[in-house]
Amino acid sequence: MTEASTDSPMIRVSAVDKYFGSSHVLRNVNLEIPHGQVVVVLGPSGSGKSTLCRVINRLETVDSGSILVDGKPLPEEGRALAELRADVGMVFQQFNLFAHKSVLDNVTLGPTKVRGLSRNQARQEGMRLLERVGIADQADKYPAQLSGGQQQRAAIARALAMRPKVMLFDEPTSALDPEMVSEVLEVMAGLAAEGMTMLVVSHEMGFARRAAHRVLFMADGEIVEDTTPEGFFEAPESERARDFLSRILTH
Amino acid sequence: MQVLIANHGAYLSGIATTLWLCLYSGVLTLVVGTVIAGFRVSPLTPLRAFGTAWVTVFRNCPLVVVLFFMAFALPVLGLNASYFVFGTVGLALYTSAFVCEAIRSGINSVPAGQAEAARSIGLGFTQTLGLVILPQAVRSIIPPLGSVLIAMIKNSAIAGAFGVGGDLYMTGTRLSSAQGEAVVPVLIGVALGYLIITIPAGLLLGYVERKVAIAR
Numbered sequence: 012m013t014e015a016s017t018d019s020p021m022i023r024v025s026a027v028d029k030y031f032g033s034s035h036v037l038r039n040v041n042l043e044i045p046h047g048q049v050v051v052v053l054g055p056s057g058s059g060k061s062t063l064c065r066v067i068n069r070l071e072t073v074d075s076g077s078i079l080v081d082g083k084p085l086p087e088e089g090r091a092l093a094e095l096r097a098d099v100g101m102v103f104q105q106f107n108l109f110a111h112k113s114v115l116d117n118v119t120l121g122p123t124k125v126r127g128l129s130r131n132q133a134r135q136e137g138m139r140l141l142e143r144v145g146i147a148d149q150a151d152k153y154p155a156q157l158s159g160g161q162q163q164r165a166a167i168a169r170a171l172a173m174r175p176k177v178m179l180f181d182e183p184t185s186a187l188d189p190e191m192v193s194e195v196l197e198v199m200a201g202l203a204a205e206g207m208t209m210l211v212v213s214h215e216m217g218f219a220r221r222a223a224h225r226v227l228f229m230a231d232g233e234i235v236e237d238t239t240p241e242g243f244f245e246a247p248e249s250e251r252a253r254d255f256l257s258r259i260l261t262h
Numbered sequence: 006m007q008v009l010i011a012n013h014g015a016y017l018s019g020i021a022t023t024l025w026l027c028l029y030s031g032v033l034t035l036v037v038g039t040v041i042a043g044f045r046v047s048p049l050t051p052l053r054a055f056g057t058a059w060v061t062v063f064r065n066c067p068l069v070v071v072l073f074f075m076a077f078a079l080p081v082l083g084l085n086a087s088y089f090v091f092g093t094v095g096l097a098l099y100t101s102a103f104v105c106e107a108i109r110s111g112i113n114s115v116p117a118g119q120a121e122a123a124r125s126i127g128l129g130f131t132q133t134l135g136l137v138i139l140p141q142a143v144r145s146i147i148p149p150l151g152s153v154l155i156a157m158i159k160n161s162a163i164a165g166a167f168g169v170g171g172d173l174y175m176t177g178t179r180l181s182s183a184q185g186e187a188v189v190p191v192l193i194g195v196a197l198g199y200l201i202i203t204i205p206a207g208l209l210l211g212y213v214e215r216k217v218a219i220a221r
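Residue numbers (the working numbering), protein chains in the order written: chain A, 12 to 262; chain B, 6 to 221.
Simulated from the structure, these hints should not be mistaken for lab results. Just so we're clear, the structure is a prediction, and the values are computed from it rather than from any experiment. Incorrect hints may have been included.
[Unchecked claim] Here are the simulated distance ranges between beta carbons:
hint	chain 1	residue 1	chain 2	residue 2	range
1	A	R38	B	T131	29 to 39 Å
2	A	S75	B	F55	29 to 39 Å
3	B	S114	A	A91	27 to 37 Å
4	B	F55	A	D18	42 to 52 Å
5	A	P86	B	L82	41 to 51 Å
6	A	A91	B	P149	28 to 38 Å
7	A	A155	B	V188	54 to 64 Å
8	B	L209	A	N41	51 to 61 Å
By construction, the Cβ of each residue, glycine as well, lies at the ideal position given by its N, Cα and C atoms.
Based on the provided sequences and hints, a complete structural model is requested.
Shown next as structure tokens:
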């Protein structure tokens, strides 16, 4: 979008602190994600990884520090913030599809109301995206009529319909039945392969190994390790990461 | 019961006046109540404060006081209109506080993730509310809203007594006091007249509630 976009990282988080009441959920977090990088964030529950994901499009506010998306500081409330959010795709653990709208209408709502696309154009584009995530045959159904995996793929299509610069995934497979996890991960791996910048909060070790360029390990609100997938899984440096891996890999 | 048959014309025109009063008031109160509910969930502190103040004033003032203010204080301030207009507006403003709270409870019944998803695709506050939240809130708003609107129809009797005149309640008062008819049959007629309005209103609301049902 801007001429400077290749010089600055897609996301820059500088010295961010965040409290929920008295609990310190993000502690002096610094992070730069270059264009096209796929970052998987791992960590025990309560480590702040979802919060890190949510502060980047300001679904949560930070108490101090700064966040830049594609070189631009995150605006306060208002139109500028809405415009930024349109450029940052977000996929939620609970899908959050609009329950009163068909799958296709979920996908076309943003493009028509925010991007100003005509209804026809948005529907064509929407169908193309639904085809890409493999649920074009479900376009006229309501979210409640779909399986969890189909709903999450529809949610990914809804985010992609805005043509985002970066995609945030907040535990996208954690609410899914095991047999539906792979269909969602496949869509995400496809996106990664196409060069989308992605921040993925997830427990899917296979996806981290296969699709990620970089793994962040968070504990108690801090980024404890910042390394490659191989480095993290084969030679974790910190005690906390080794402890975490031993707990999830023994089963 | 002779009085009902002999004066059916007066009763019918009383029902008509009450119906018009309530239709105008009902539309106005739904619009005002929705806007105030929007204020109360707005991210802007001044709007939230205004909404809270509005509800506090109109929910806690007796309707009679609101109507007194409309009918006697506004003309002093140079605002003149017919009693019908004052009655309609006063009733609508008073009721809007209750409409607002019914709508707000509906807004709160929609899972927070729906608003987060709407904001995350770049919808602004008004779009999020109008396109995503309110359409889903309607279903849980209808039952409490129905009670509020039916209470409003009955409260219209107070507006009638304030000089709107010719409404159902005042028709009854006129028949019994001015024409000296027996009070009990006259009042039975008045009660039947209100039932003729409120029972279909309740049925209509039930129908709307079924129409807007959302599968989850």
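Index of numbered hints that the structure contradicts, given in increasing order: none
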